[in-house]
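Asker: What follows is each chain in one-letter form.
Number of protein chains: 2
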Amino acid sequence: MTRTAKTNAVKLKRRKTRTASRPVKRAAKASNNLLRRRRGGESNEAMLCELKRRLQEISDLNFAGAVLSWDQATYMPPGGAAARGRQSALLSRLAHGKSTDPALGRLLEALELYGESMPYDSDDACLIRVARRDFEKAIRVPGEYVERASAHSSASYAAWIKARPANDFEAVRPYLERNVELSREYAGYFAPYRRVTDPMIDDYDAGMTTASVQELFAALRRELLPIVRAICDQPAADDACLRGTFAEGKQLDFNVAVAKRLGYDFERGRIDKTHHPFCSKFSDGDVRITTRVDEADIGQALFSTIHECGHAMYEQGVAAALAGTPLGSGASAGVHESQSRLWENVVARGRGFWQHFYPQLQAHFPDPFGNVPLEAFYRAINKVQRSVIRTDADEVTYNLHIMMRFDLELDLLEGRLAVRDLPEAWRARMASDLGVAPDDDRNGCLQDVHWFSAGIGGAFQGYTIGNILSAQFYAAAVKAHAEIPGDIAHGDFSTLHKWLAANIHRHGRKFEPNELVLRATGEPMTIGPYLRYLRGKYGELYRLPPLHE
Amino acid sequence: MTRTAKTNAVKLKRRKTRTASRPVKRAAKASNNLLRRRRGGESNEAMLCELKRRLQEISDLNFAGAVLSWDQATYMPPGGAAARGRQSALLSRLAHGKSTDPALGRLLEALELYGESMPYDSDDACLIRVARRDFEKAIRVPGEYVERASAHSSASYAAWIKARPANDFEAVRPYLERNVELSREYAGYFAPYRRVTDPMIDDYDAGMTTASVQELFAALRRELLPIVRAICDQPAADDACLRGTFAEGKQLDFNVAVAKRLGYDFERGRIDKTHHPFCSKFSDGDVRITTRVDEADIGQALFSTIHECGHAMYEQGVAAALAGTPLGSGASAGVHESQSRLWENVVARGRGFWQHFYPQLQAHFPDPFGNVPLEAFYRAINKVQRSVIRTDADEVTYNLHIMMRFDLELDLLEGRLAVRDLPEAWRARMASDLGVAPDDDRNGCLQDVHWFSAGIGGAFQGYTIGNILSAQFYAAAVKAHAEIPGDIAHGDFSTLHKWLAANIHRHGRKFEPNELVLRATGEPMTIGPYLRYLRGKYGELYRLPPLHE
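Those protein sequence lines, which keep their order, are chains D and B.
Position one of the first sequence corresponds to residue -3 (this note's numbering), numbered consecutively onward.
Position one of the second sequence corresponds to residue -3 (this note's numbering), numbered consecutively onward.
Misleading hints may appear alongside valid ones.
Which copy is meant is left open, so a pair is good if it fits within one copy or across any two.
[What the hints assert, rightly or not] Below, computed lysine-lysine pairings styled on BS3-like, alpha-carbon distance capped at 27 Å: (1) Lys475 / Lys533; (2) Lys379 / Lys94; (3) Lys269 / Lys533; (4) Lys256 / Lys475; (5) Lys94 / Lys533; (6) Lys246 / Lys533; (7) Lys158 / Lys48; (8) Lys158 / Lys246; (9) Lys475 / Lys494; (10) Lys246 / Lys269; (11) Lys533 / Lys379; (12) Lys269 / Lys48; (13) Lys379 / Lys48; (14) Lys158 / Lys494; (15) Lys256 / Lys494; (16) Lys246 / Lys256; (17) Lys94 / Lys158; (18) Lys246 / Lys475; (19) Lys269 / Lys158; (20) Lys94 / Lys494; (21) Lys269 / Lys256; (22) Lys94 / Lys475.
Because the hints were derived from the structure by calculation, they are not lab data.
Fair warning: this is a prediction, and the values are worked out from it, not measured in the lab.
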């Protein structure tokens, strides 16, 4: 997932927050003069201008913080860590202070009717609406809590970084217990709620609830399990050709060539190496990605680069007019993930993509690919197998990893599962869901950073929502432009990219995810296209008997 | 010059600023209880703690801004420029706001007597004294001016970047004229002054005045001219071996090896490539340098790396207890430059240094150095010649470039020279001082960024002060440790480094430059050691007749 998405998602607003005094304000709407007098006679235009100035400052503080984080992950020498943590916290605190400034609230309130007087989907109407939601949500959480939780996150992350390679769950158990408490406390600021994870889910994927995610996952799971079973009954694909010795420089050269071809704009971006790949935005003119290179495994850098390109092309595609406002980034964690998954899986694990790129890959790495037929390579990069590590999972079983995490975090927060019992619960669930269980906690409940670095709850469902939407968006694009698959096979990604830019990217956060999906595809989020995609692709690859639809 | 030095130098305070109410306060000193009641009964310890908290925030905002600048110079894609300018300006504005917060002033006033009650050279006494001076100076300059001047700087710099390669002085003339006005306006905030450049000189080299610099330069010039003449009467050294083809990667490897050996700590630093080399500090644990690699000229990267290492080792050597306060950086532009010049010239253009490193250089670049004797190489890197470009000048003629700039900027600001006549005045002065004149303005008055990017006045004298002090400090170090030259010839720089750290680096900005020089060398700044150094080295190199002392 992109860091940008996470950061922005945290700021997404609960959609139902409304001020109580609606009728009074509706009446006031009749008199424009009255309205103008609200803030010392300032015109709506002047107030809107002042609103944008304030939001730009908040945005710039957050972007400055993002530069500090990017530097920390890419080039900062070890000695810089302590001060950097403090400097980042200062920028966050200043941004939070400005985000919850009562003067901002008064301005937003004074602009409410003006916003409603404009067309619903105009930039300014959306801005006033979304900024209001952001504000209402931000002021619920005390600054004191934000600092406390942030300090704990840093400590918890530092403990996890050591505990994971040492396979030492006990070392992080107290941090995780505290994290559970802090997450409950966070949810409490949004009480009343139906389920404790509702506020966090809404942070990342506005408009979704615990119940709606459960319903979605149950439906998907029902269809997915027979597909996984059918594939795993077949002999496993041979992916040995992906392992070997692939010089870092050559890998990076190839990755850059692919990224350029896909449409990632290097005038407004760049690629660096980090331990964990991510995408980071510093302005609409500077959206960077990182990748992880493994000289023994060609797939690592290649597919992470393409994945992060998907995130970055989304951020690069937001309309320039929305830059520097809360609308100037992706709509939600799930929609963001749909873009990275679409490029990584639907496109770059497709046969057409490699019809174009495989000869180039062979030229870069004649050993071994000079002797590997395209079809064998295509099967290798689409190997499906039950495995213990989420980030290494194929696109079919991946969702089972997510569903399990989603259920476990709900159990933790609702008190049905004690932190001390997590390792055992993890192993049991892996065995029952995926048929494999990790040998140790390092490859079990210590494998993901999420619960140790951010709060618990809300951060996982977006991955599967992303998978679902990647297929739904791609199907809609192909419906509008039947030539897309043919274009891809010729190395032309522009029709697809333009469709995504016009229907998703440019809107930024103007619309809530559900609304955006409806506008882009003509229907609400649905698992149909994703299942059709999996059945079509893997049915052919593994010569499966027809799978029911 | 290091960016750190410039930034910090701007914040250096006029030493004579004192509050008027001294007698009243002295009386109050008698009653500690009275003092404690000043800020709602807070203890001095609590107020000092609050002072440090505020200063840490200011420091962190400035350091965050430094990260943004470093990124802009190293890795930022072109598209990031516009937003980055705005983000940097925001951080500066926030830092300036906190630096001039009246609450900070009240705290400093309340702490004055407490500071005076402590030993003069204790960290806390120095902190209260220096922070007070910083504050008194900062509040003289309106925030509105700071923003206006900063915006003009950016525009002027952008114009210069284009005008210099185009040799188009007319394109930047209006910017330079405005810069002259802005610099006069800046000086006006510190009226009354004797000479208009006094406030700016004090910013960079606290304790110096226009008159004291003129006196210093006149004395140096008198002694320097016969040396230059005597050298230039001899056949020029042959430095052809420095030109060739030197692969970038190999150059960087060698530079890193040298930097490590000198004592630059890579756990708290790193080297990157930029167009103009600089040193930048983000915390006491993160002091980075950049270098410029020219594959056709081995000297470019090598000597800039060592120069910037000198700046960086200074910043890395400031006592940890001073970190995050206004004391946590170098004392002045001149003292900073003394460190870079000491390592670059006194050490790394010395014969002993190359007795150790030349075999390694030969191993890195057998072509051509396999066939170049050490002595020929030593002569090549110490070639003296009259030249038009300051940054390419040798260590002897370099000062003549500085003196000329110092005089010209005084003429500009005091109205004796109109901006439109600058190109001609530049050529005339070059011809009379250096005996060579540039063919065009690109290599004339457009060559330096200073007048186009910062205010005019104050930024040049530090280079020559640095040359003078580099020899004075080195002589004092050798006086204390006669083994230093021998150590250097064996590749051991630790005795010299430790002496510098103990006598200069660790003190940060605790003492004013004059005071620091006196403490470190036992006498005030003096040109004697520098002249002895030049006469000794170049007398031997060029077999000159004895030069009078």
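Asker: Each of the hints needs a verdict: does it hold here or not?
Answerer: Against the structure, the hints:
1. Lys475 / Lys533: within (18 Å within a copy, 80 Å between copies)
2. Lys379 / Lys94: neither (49 Å within a copy, 58 Å between copies)
3. Lys269 / Lys533: neither (32 Å within a copy, 47 Å between copies)
4. Lys256 / Lys475: within (26 Å within a copy, 61 Å between copies)
5. Lys94 / Lys533: neither (49 Å within a copy, 60 Å between copies)
6. Lys246 / Lys533: neither (30 Å within a copy, 49 Å between copies)
7. Lys158 / Lys48: Neither way: Lys158 and Lys48 sit 43 Å apart in one copy and 32 Å across, limit 27 Å.
8. Lys158 / Lys246: neither (32 Å within a copy, 36 Å between copies)
9. Lys475 / Lys494: within (14 Å within a copy, 72 Å between copies)
10. Lys246 / Lys269: For Lys246 and Lys269, the Cα distance is within 27 Å both inside one copy (14 Å) and across copies (22 Å).
11. Lys533 / Lys379: Within one copy, since 12 Å is at most 27 Å while 71 Å is not.
12. Lys269 / Lys48: For Lys269 and Lys48, the Cα distance exceeds 27 Å both inside one copy (35 Å) and across copies (37 Å).
13. Lys379 / Lys48: neither (49 Å within a copy, 58 Å between copies)
14. Lys158 / Lys494: neither (44 Å within a copy, 35 Å between copies)
15. Lys256 / Lys494: Answer is within: at 15 Å inside a copy they meet the 27 Å cutoff, but 50 Å across does not.
16. Lys246 / Lys256: within (15 Å within a copy, 30 Å between copies)
17. Lys94 / Lys158: neither (35 Å within a copy, 38 Å between copies)
18. Lys246 / Lys475: neither (37 Å within a copy, 54 Å between copies)
19. Lys269 / Lys158: within (21 Å within a copy, 33 Å between copies)
20. Lys94 / Lys494: Cα proximity of Lys94 and Lys494: none, with 36 Å in one copy and 46 Å across.
21. Lys269 / Lys256: Both, since 17 Å and 24 Å are each at most 27 Å.
22. Lys94 / Lys475: neither (45 Å within a copy, 57 Å between copies)
Hints 2, 3, 5, 6, 7, 8, 12, 13, 14, 17, 18, 20, 22, counting from the list given before, are not met by this structure.
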